[in-house]
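There are 2 protein chains.
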Amino acid sequence: MNGAQLIVNAAAASGIEYCFANPGTTEIPLVAAMASAPALKPVLSLFEGVCTGAADGYGRIAGKPAMTLTHLGPGFANGIANLHNARRANTPIVNVIGDHASWHVNYDPPLASDIQALAGAVSGWVRTSRTASGVGEDLQEAMRAAWQAKGQIASLILPMDLQAHAVTHTGVFAPIRPPVRRFAGDRIESVAKALRDGLRLVFIVGDEGLSVAGLEAAGRLAQLPGVRLFAETFPRLSYRGGGLPDLDRLPYFPEVAIEILEQYDLVVCAGVPEPISYFGYEGIPSRLAERERLLALADVGDDVAGALTALADALDAPAYIPTPQGIELPPGHAELTPQSVGQVLAASLPDDSIVSVEGGTCGYPFFTASARAARHRVLTNTGGAIGQGIPVGFGAALAERGNRVYCLQSDGSAQYTIQTLWSIAREQLPVVILIAANHRYAILQNELRRFGMTELGPEALKLTVLDSPRIDWKALAKGYGVPASTVHTNAELQRALANANADGGPCLIEMAL
Amino acid sequence: MNGAQLIVNAAAASGIEYCFANPGTTEIPLVAAMASAPALKPVLSLFEGVCTGAADGYGRIAGKPAMTLTHLGPGFANGIANLHNARRANTPIVNVIGDHASWHVNYDPPLASDIQALAGAVSGWVRTSRTASGVGEDLQEAMRAAWQAKGQIASLILPMDLQAHAVTHTGVFAPIRPPVRRFAGDRIESVAKALRDGLRLVFIVGDEGLSVAGLEAAGRLAQLPGVRLFAETFPRLSYRGGGLPDLDRLPYFPEVAIEILEQYDLVVCAGVPEPISYFGYEGIPSRLAERERLLALADVGDDVAGALTALADALDAPAYIPTPQGIELPPGHAELTPQSVGQVLAASLPDDSIVSVEGGTCGYPFFTASARAARHRVLTNTGGAIGQGIPVGFGAALAERGNRVYCLQSDGSAQYTIQTLWSIAREQLPVVILIAANHRYAILQNELRRFGMTELGPEALKLTVLDSPRIDWKALAKGYGVPASTVHTNAELQRALANANADGGPCLIEMAL
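These protein sequence lines are chains A and B, in that order. Going letter by letter, the first sequence gives residues 1179 to 1691 in our numbering. Going letter by letter, the second sequence gives residues 1179 to 1691 in our numbering.
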């Protein structure tokens, strides 16, 4: 038995099922070990951002860590953007990063770099293994660090010689228990008292507060006078539809959010950090509410749903009113708009499906429409590093094999990890990729206007328009083995979605906007 | 005038011509400034690895820095892999990384991360601007740090508020002078003495030693008894063909390189660092030659060609013997092999063309064949982070607009920055992308065999074969607006290259191997 086989044993015993891998020479013993031990399923990708985004999506849906395997500093660096998002989603992930042999690295060979610094920028836990016999314990330590109620990124740097060396070890490891979520009873009392004192309260609900139990409790609280509830702007995982209470997301632009929060005496944080503006704009405060108006019901990683339920019970809140089902469809012959895309997609969702949303153009209208859809889950881009939506959808589809996943995706951001199409085709997963093809960085154009550029001249357009050439999405999808179509009207989109749902495999639908 | 306009002025005055950009909200003032100041040409890309790889290729050919513009930590992180290569090539590059407003960043908004740590891992110089009026001087300081005889990566982190703030500044900046290369005369004497003493010397030549003057001097030295010369294994820029002396590259695998170097008394480093094995293999030393057998003629960044010429003069070396021109073509009807690809491409090169090589399968055979080709320059992957070849070719093509560039590219590595095809189509550059489509990570299969896995089972194949689905290269190229064809035989490749050379635009040729 060698160090690499020890790692594979330790990972499998810990409960890790998948290894999203893009290995190189320094990971060869691990490749060999995975090739002979079916306990850990390796999933090869063409680009590391696919691996890390998939681990994020997998972790959110499966509720446990996947492993990633990347090649030295530069390979890992390619996965940083999606690890940044995973970190903001508190998704547990165990990264294994191959390094040069420990006796070789100090000679500064071409591929050497400061892996510690790169890993540290996105990880809550980083370790470099020092002995071959200890690598299994190192992996389990990484697993424990990652798999907490508030999940973390744990990165283990693994020199090649330690993977290859023979070890004396039983190779047997204990399973690792899932973390337990708790909430603080005294906080329930504080919030209940504020309400009994007649204060007006606005809640921002995140994390497990957006589970079925959490939303049901939120719906009960919403019946109380002086109470309003919002979901956080970018939830890691939000249940929606199927009659669940509809929590709007807190608006993105700070001036709008501040105006809403100002109407209440207190802002109650339920599974969210202090509300902060996404970007800093001159003359607008960073804090969306003054510190003295904040009240914490539950932290990220707490049993937020439990806390909300306990609060609803303490206040004798009535039953929630189920959101009516059924979506009014837009006219079939009309051309697609962001609103109509949201309505048609929401109306097409089968029970228990998953929607990975990246991009504002269609994302917000879909969220609005989806309250009346069948029960589904929404995953959003928590960290703002773009190129997340399709890999996250891919990982989610692996976590619940056979369940249908939709990626509602802006065209600009889809390009950063476009290689995911190949992975989806390779695994033949029922993932529907919907590309909102407006052929521009719409957010940049909006921000230029906010900055005072009332008219976008030819140079400004050159920096924000993805035209000349227009990306041919059908050809790209074909290139990676994914069947594709282009739709222009609501009826065409509806038909394409019906066909996709009837089929078991992946497809890409370019939506001309 | 605001900080962003100051940056643009300072960059243009410093001699920066291009800004390879993938901006976001925190770079909006810079986008607006570039949109109104044609002195700095912005080039938009779909992915940051394209920007940084292009800056590397541009810098190697133009001999001066380009600027990159990326969005916060995650955007910059996407560019790290190709900056790693650029660092190993000593290419001068000025990165500008937008950051949150300085008054906002400490609230830890979703897109905040440790940019300093990320930038530090690949940069020789990092600074965060502190005042709006100082940003122009900061940019010039970055330019001076980058543009040295041994080039560096200089990264300037630029908070958004400093870009937007009004400044009182003339907006006038001094030009920055190109660095001057020198060599040390006493080293010439030491090497000359060793030769006069009858020692046998093997040279490893890199950096500017692979210029025309350097190679001509190398060719003179090669006439002397007891002397052999190699090029470094991965040159940043090597002139080839047109009768120039043919310097083989030092072999990649350490056991082969060590055996060669052992045949000589001394190893002379001419513009290369100490020779080190690319990876560490058990039982093979990291140092390709013992320290006491090393002799430095010139360091990286020195006037290596000058040093070689001075040595040749000191030793009264005879004129070099021009390499005969003309390449014997393989049978037209025969199927392509890595060897025949090298021959056909070498025979097709027009004068002064540029070849960006990434991937071993066809790269080594091409280098062998190209000694007898027309005069051209070869750029290789200096740092081993894959996804470099096409972006470097793109940047090289911008540095010498109109000159023909070939990217000889393995299929696996092409995927990491495939979005470059769009950039090449957008700029309508005469770049020919040759994809060696063997549909596998051949290097991993070789390394698995070296590791002792004599037979690759189905799981090992799943981790090293890029089949199911096969990537449809013609479709991918079409997706990004690049005309493409597939060739199977030598005659087909020859014809496709002739057509490409006759045309002024880009094309992709899939070579079935």
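Since the hints were derived computationally from the structure, they do not count as laboratory data. Take the hints with a grain of salt, since some may be wrong.
Since the list gives no way to pick one copy over another, a pair counts as held whenever it fits inside one copy or between any two copies.
Heads up, simulated BS3-like pairs for lysine-lysine below, C-alpha to C-alpha not over 30 Å straight-line [as the list claims (entries may be wrong)]: (1) Lys1242 to Lys1328; (2) Lys1219 to Lys1640; (3) Lys1640 to Lys1371; (4) Lys1371 to Lys1328.
Query raised in the report: Out of the numbered hints, which ones does the structure contradict?
Result: Going through the list in order, the structure violates hint 3 alone and respects the others.
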